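Enquirer: In case you want the letters, here they are:
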Amino acid sequence: MTGPRVAGVGVTAFGRAPERTGRDLFGDAAQEAIRDAGVEHDDVEGVYYGNFMGELAEQQGHQGPMMAEAAGVQAPATRYETACASSGAAVRQAVRDVRNGEADVLLVGGAERMTNLGTAGATEALAIAADDLWEVRHGMTFPGAYALMAQAYFETFGGSREDLAHIAVKNHANAIENEHAQYQREITIDDVLDAPMVSSPLGLYDSCPISDGASAAVLVSEAYAREHDLDAPVAITGTGQGGDRIALHDREHLATSPAADAAAAEAYEDAGIDGDRIDLAEVHDCFTIAEVLAIESLGLYEPGEGIGAARRGETTAEGAVPVNLSGGLKAKGHPVGATGVGQIADVVKLLRGDHVNSDAVPDATVGVTHNAGGTVASAIVHVLEVAR
Amino acid sequence: MSDGTESVRDRGYDDVIDAIAEGEGYYLECPEGHGSLPPRRLCPECGDDTLRKTPLPDVGSIDTYTRTEVPAPAFADDAPYVLAIADFGSVRLTGQVQGVDPESISVGYRVTVEVAESKTTGERLLAFRKR
Ligand SMILES: [Zn+2]
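Respectively, the protein sequence lines represent chains A and B. Just so it is clear: in the first sequence, position 86 is 86 by full-length UniProt numbering, and no numbers are missing. Just so it is clear: in the second sequence, position 87 is 87 by full-length UniProt numbering, and no numbers are missing.
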């Protein structure tokens, strides 16, 4: 097993904070991560930062150096943008640079400000992850795109709105004790089924909320961790990325996510594991159907089998492989650029044993994160393991 | 959609929308037979740069659809509307299904494509109609 250690993580609460700027949010997350890691600010050699809609939300491009400043770090900084997988891409680059000896200590993270745009503005901003010419101009929204995938899934494999509702109910249940989550409240199957429709077959409770928030992690080389006697038991041992055509209609299959299949295969090969070694997963459930596509791409289920996983109790906190113990994007919230590193932070804490839901997975040693951009035209998967 | 782009013609895209409006829609095809939508310099499948205009079939069939209740601001007055992906052989198109009872639409539904306008902005969009 090789790969950088995650020496520290930090996240702000995800939720509504329209009065807080991106730099304010990221400053908080970065400070917590650096403190958690126990590294000197001076030792940080680079800042790898994910953000998607900063130009629209804050009229601010060139956010890398701004965020290094917010973190109190004097180092080169680059912003990564792959829609909702932006900070996943930042992690992937950081993992590769630590591995190849380019750096010993890197700060990775992401932030997004969304609620200040209002619901209509955020809907419009999210849609820019789709193809402007051939999708957005004809009425495609982000929920609409996933609704097209959900309908295609039902048509191809079967499944129902009630199957999807079990995913929403599960992820809300997982978030109840998570003080960083946007929604710390239980919902019922009927709540989901009776909620207003957004884009059929997806209703309001099939969708993640619009959120503000930031996340950060400090990645260090094994050598640095040893020399500085850091308590950093979790390593990122596998990284993979897959790509696909930007417009949904240009894909061969509308009910699967081949980019995530490729990302998972690459990450597993990189880590030298099989899908059956996985103890827990944090996946990109921006809509309930997205969790189904994710767990199938991760090899936890065959195509067509993932739809019933939550209903059967297999991916709940008590199940064999809990999925989204954090509450997922659905209940934890989805400040787009912060999500990828937010998932890393949750898996690190779950494996270290200091997550609010660690009791659900006391013997876990292998976790995966699945972070998707657009309608999964971008996908990034990471494998995290407790180093022995 | 966004500010400042209205006056700029999207060459390739606007050309094909004009052609669809005239009932002479086309897509681009490379020597290998890969179909794609303009604008293209290269085939996105194989990178070949000899793309020729090939007539879009008259009839497509719906692969998937959704009734959108919550639109983006640019479609505020259009909602609710049915958005669909329809298969026209070598290419698929995304558009709004118009002029039919939404309840009657299902996968496999046969449609033609034409150009309609957004009720909200007057911008052109693709509309599918029952064959
Ligand atoms: Zn070709």
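A hint or two may mislead.
Unchecked claim - Pairwise CB distance ranges (calculated): (1) B:Val107 - A:Ile189: 21 to 31 Å; (2) A:Glu179 - B:Val8: 46 to 56 Å; (3) A:Pro196 - B:Val107: 48 to 58 Å; (4) A:Gly61 - B:Tyr13: 17 to 27 Å; (5) A:Glu179 - B:Val59: 34 to 44 Å; (6) A:His253 - B:Glu24: 50 to 60 Å; (7) B:Thr50 - A:Thr188: 57 to 67 Å.
To be verified - Sample of chain B residues facing chain A (criterion: CB under 10 Å; computed from the structure): (8) Glu69; (9) Ala76; (10) Gly89; (11) Val100; (12) Ser104.
Stated by the list, open to error - Simulated coverage check for chain A against chain B, where a stretch passes if three residues somewhere in it have a Cβ under 8 Å from a Cβ of chain B: (13) 94-100; (14) 242-252.
Everything labelled a hint here was simulated from the structure, so no lab data went into it. Values in this document were obtained by computation on a predicted structure and should not be read as measured data. Every residue gets a Cβ at the ideal spot worked out from N, C-alpha and C, and that includes glycine.
Enquirer: Failing hints, ascending?
Expert: 3, 5, 6, 10, 11, 12 and 13
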